[in-house]
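K.L.:
The chain contents come next:
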Amino acid sequence: MTDQRVAIKAAELSSPGIAIPGRQGAAPPAEGGWDYSPAPERAKVTIAPRYELFIKGKFVAPKSKKYFASINPANEDVLCELAEAGKEDVDAAVRAAKAAGPKWAALEPKERAKFLFRIARRIQERARELAVLETMDGGKPITESRDIDIPLAAQHFFYHAGWCDKLEYAFPGISNSGTGVSPVRSRKSRTRGTPVPPSPIGVCGQIIPWNFPLLMAAWKLAPALACGNTCVLKPAETTSLTALRLAEILQEIELPPGVVNIVTGAGATGQHIVNHPQVRKIAFTGSTEVGKLILKACATSGASGGDKKLTLELGGKSPNIIFEDASIDQAIEGIVQGIYFNQGHVCCAGSRLFVAESILDEVIEKLTHRMKSLRLGEPLDKNTDIGAINSKAQLATIHRYLEVGEREGARKIVPSENGEAAPPALPSKGYWCRPCLFTDVQPSHVIAREEIFGPVLAVMSFRTPEEAITRANNTPYGLAAGVWTDKGAKMFEIARKLKAGVIWCNTFNKFDPASPFGGYKESGFGREGGVQGLRAYLNL
Amino acid sequence: MPTVDSVMLDFRAAQFTKRSIKSASKLEGLRLAMSMIDLTTLEGKDSPQKVRGLCRKAVRPHEEELEPAVPSVAAVCVYPALVKVAKEELAGSSVKVASVATGFPSGQFSLDVRLADVRAAVADGADEIDMVINRGAFLAGRYEQVAREIREVKEACALSPSPFGRGIKGEGMHGQESANALTPDPSPRGRGARAHLKIILETGELETYDNIRRAADLAIEAASSVPGAAGLKDGEVFVKTSTGKVTPAATMASTLILLEAVRDHYRRTGVRIGVKPAGGIRQAKQALHYLVMVKETLGEEWLTPRLFRFGASALANDLLRQIVKQTTGHYTASYDFSEA
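If you read the protein sequences in the order shown, they are chains V and W.
According to my numbering, numbering within the first sequence proceeds without interruption in unit steps and concludes at 540.
According to my numbering, numbering within the second sequence proceeds without interruption in unit steps and concludes at 340.
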């Protein structure tokens, strides 16, 4: 009996049914090549075939009866049609804003704050949808819209919700003598009497660019609303979809009709806003070229008596200075973050790199190595670092500068084309530009002087700190700058001598609603963000 | 002397965790990570029986058949007293025996004792020695002393096994009779061969990023400057973050500093130093983040167990769980896998 059992057990053991683990293990996976599989963002967003203008809390067809197409720059598909606001449409939007003004301004500040807070919350709740839409509309990588654009937009509304009921403390009122003069005038009269709180300006016309569509809308709307103004906002013609989604959010949170009006269209629409006599303030972010036209228009605009308030946030050619005592591997990250973030479509991009001559070769070698790990392609893929160029026109501009750079004698390096293997092919449709850099650049070169607004870096060297400062400041712009050094004293000394609105030390392209942003010289004037950003939206 | 700025280092380390590793690349990454594990047990209560079990697990992490087969891990890592047991159990497999030595984990012993510890482990057949640096000397600024000690340990790794190599009193130094009683002297390695050396910096005790970078450079430089080490082979020397006995152990940031030091050394010399984060890496997802970091910092040539290891134990079963999920489509319970 016992023997039999043993026999059965032995038979079982040797049968193929029961595997006895062998002593030999399996070999490790074959070496060479571990790449990331496609990781597309799968959230679907619905895009209507046609979008109207958002005026007085409703979507209305344009009186101009004109529409234009919005294109996905990654595949050139038409996403939808957008209404083009003509003069009459802009006028309707401004009148709606004007009509909504008094009630909105008279609302208790803590109630205004609740509206801003609700907008912020709703942006957070619809964050994924907004991120996907932003990426489809503008070509930026989904990781950037997901982790930067949308969260920062919400953050701006949260931050400014907090300011609504603290304006009197931020800007202690100048008193009036009780003469019955309107508060606006009396604040200027500097006579003794009852303190008067700062008052809103009225209707604000806000024109925003295509590089950070929703975020720029938030930068403009949040402080204006917090201060009690009403707005007419025009998003860029290539990237209007998230602004229109924001209009939906404003409906959802029941913002009083007319407080925010959103009109789509191109330059002509913007012109109507700028020239409208009832618009008391213009806030513009965009190119220096257009900024100059707006400045001229505001100065001469007849109906408003040249009394329009204006803030301009324009172009830049920001220097990024690497000293020999910097943490080089970290500086490389700062260079990459500075110029290749958002395909270089960043007004404060660190597009001029100044490297101490003693470390120039090392920096170029390391930067080239690092750039090979940048992944260019489908913006909706979660592993994409460099998305599509925003529009066909912008791609043509970048190509023009690349040609000029080579013609002037600078040496172009395209790291992804620099390896032994052929670079991955660019997608067959859409607008693409491989990130690149120029060495042997002279300060007089066009690519060292003009804003390219693409993933193109001009590399120059310097020998002494004085030389670095002189060269860095030798530009019509003055928006931002970067300083990389391990020495604290040097950091502060250099920062003091650089003429730029924002200076980052040992980091680059960091944004925070509490930190004012804006430029010197041809980069514009006025500040956005922080307590300083509120000044442009108040009668002080 | 390269410095490390924490703001952008932390920023970069966090970027790697945002890569999305899906489908085929996920399975491949999980299998790769499994093959890079130094399956470790470093406890006072370790027994020959536990080490034997660990060795079985190391060779064949998963009992069931799976296609493609789950790869063996790179090595088992034990205290010197258990090297013989592991060596015997792993005979005929590709899995290496790594032994911590030099008075692990504190290293607070005289240099003679630490070197004897190394020689004994090598004599017992250890293929790899995980040494600890003298953190006391390092933090006191006695860098030359730290370097000298590393050089001596590196030389001790090169000793071919002999009775003299057994350390101070020869027989029974490590106590456990079972370890010594099993085989007389297997002479597991040929004359002139040398055990690979992993240099543990204990980044958690060095605390600052600048210290970690300095220690990594110092360790690489010292191990490369041993007489006769001119022909240092790729992967013969590793830098390793931690003992696993100090918090924090390995982090993405501290490992990134090691990778950057190794990258600079490669740029200068063309020699590939290995890197081993150890301690605190328990989840498959974390392991994939590390692989992304290695790929994007050093390149794909480092994605091999010869040049990158994980010092871990719990990680093996989480990788297994994910591998089974990726292969069969089903999640399994923790009790479906044997204890490591």
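If you're looking for bench data, these hints aren't it; they were derived computationally from the structure.
Among these hints, one or two may not hold up.
Quick list of in silico lysine to aspartate or glutamate cross-link-like pairs, DMTMM-like style, CA-CA up to 25 Å [said to hold, decoys possible]:
(1) W:K22 / W:E296
(2) W:K285 / V:D147
(3) W:K18 / V:E108
(4) W:K22 / V:D512
(5) W:K18 / V:D512
(6) V:K366 / W:D217
(7) V:K382 / W:D10
Estimated spans, in silico, between C-beta atoms of each pair [stated by the list, open to error]:
(8) W:E300 / V:K296: 36 to 42 Å
(9) W:E300 / V:D361: 20 to 26 Å
(10) V:R121 / W:G299: 54 to 60 Å
(11) W:G141 / V:E357: 51 to 57 Å
(12) V:A425 / W:L111: 57 to 63 Å
(13) W:G299 / V:D77: 35 to 41 Å
(14) W:R267 / V:K44: 43 to 49 Å
(15) V:K490 / W:E301: 33 to 39 Å
(16) V:D440 / W:E301: 28 to 34 Å
(17) W:G141 / V:E129: 54 to 60 Å
Covered by chain W, according to a simulated footprint, are these stretches of chain V (three or more residues, beta-carbon under 8 Å) [what the hints assert, rightly or not]:
(18) 33 to 40
(19) 319 to 331
A virtual CB, placed ideally from N, CA and C, is assigned to each residue, including glycine.
K.L.:
Between the stretch 33 to 40 of chain V and chain W, are there enough contacts, at least three residues with CB-CB distance under 8 Å, for the coverage claim to hold?
P.N.:
holds (count 7)
K.L.:
Quick one, are W:K285 and V:D147 close enough, alpha carbons at most 25 Å?
P.N.:
20 Å, holds
K.L.:
If you look at each residue in the stretch 319 to 331 of chain V, do at least three have a Cβ nearer than 8 Å to any Cβ of chain W?
P.N.:
holds (count 7)
K.L.:
Range hint 35 to 41 Å: satisfied by the CB atoms of W:G299 and V:D77?
P.N.:
Once the Cβ atoms are compared, 36 Å apart, the range 35 to 41 Å for V:D77 and W:G299 holds.
K.L.:
Within 20 to 26 Å: is that where the Cβ-Cβ distance between W:E300 and V:D361 falls?
P.N.:
25 Å, holds
K.L.:
Please test the hint of 33 to 39 Å on the beta carbon pair from V:K490 and W:E301.
P.N.:
Since V:K490 and W:E301 have Cβ atoms about 38 Å apart, the given range 33 to 39 Å holds.
K.L.:
Against the range 36 to 42 Å, how does the distance between the Cβ atoms of W:E300 and V:K296 compare: consistent or not?
P.N.:
Violated: the Cβ-Cβ distance is about 56 Å, outside 36 to 42 Å.
K.L.:
Does the alpha-carbon distance linking W:K22 and V:D512 stay inside the 25 Å limit?
P.N.:
Not satisfied, since the Cα-Cα distance of roughly 33 Å exceeds 25 Å.
K.L.:
When you take the CB atoms of W:G141 and V:E129, is the distance between them in 54 to 60 Å?
P.N.:
Holds: the Cβ-Cβ distance is about 56 Å, inside 54 to 60 Å.
K.L.:
Need the status of pair W:K18, V:E108: alpha-carbon distance at most 25 Å?
P.N.:
43 Å, violated
K.L.:
Would the pair V:K382 and W:D10 pass a check requiring their Cα atoms to be no farther apart than 25 Å?
P.N.:
20 Å, holds
K.L.:
Quick one: are W:G141 and V:E357 within 51 to 57 Å, going by C-beta?
P.N.:
Violated - the Cβ-Cβ distance for W:G141 and V:E357, about 32 Å, lies outside 51 to 57 Å.
When each numbered hint is compared with the structure, violations occur for hints 3, 4, 8, 10 and 11.
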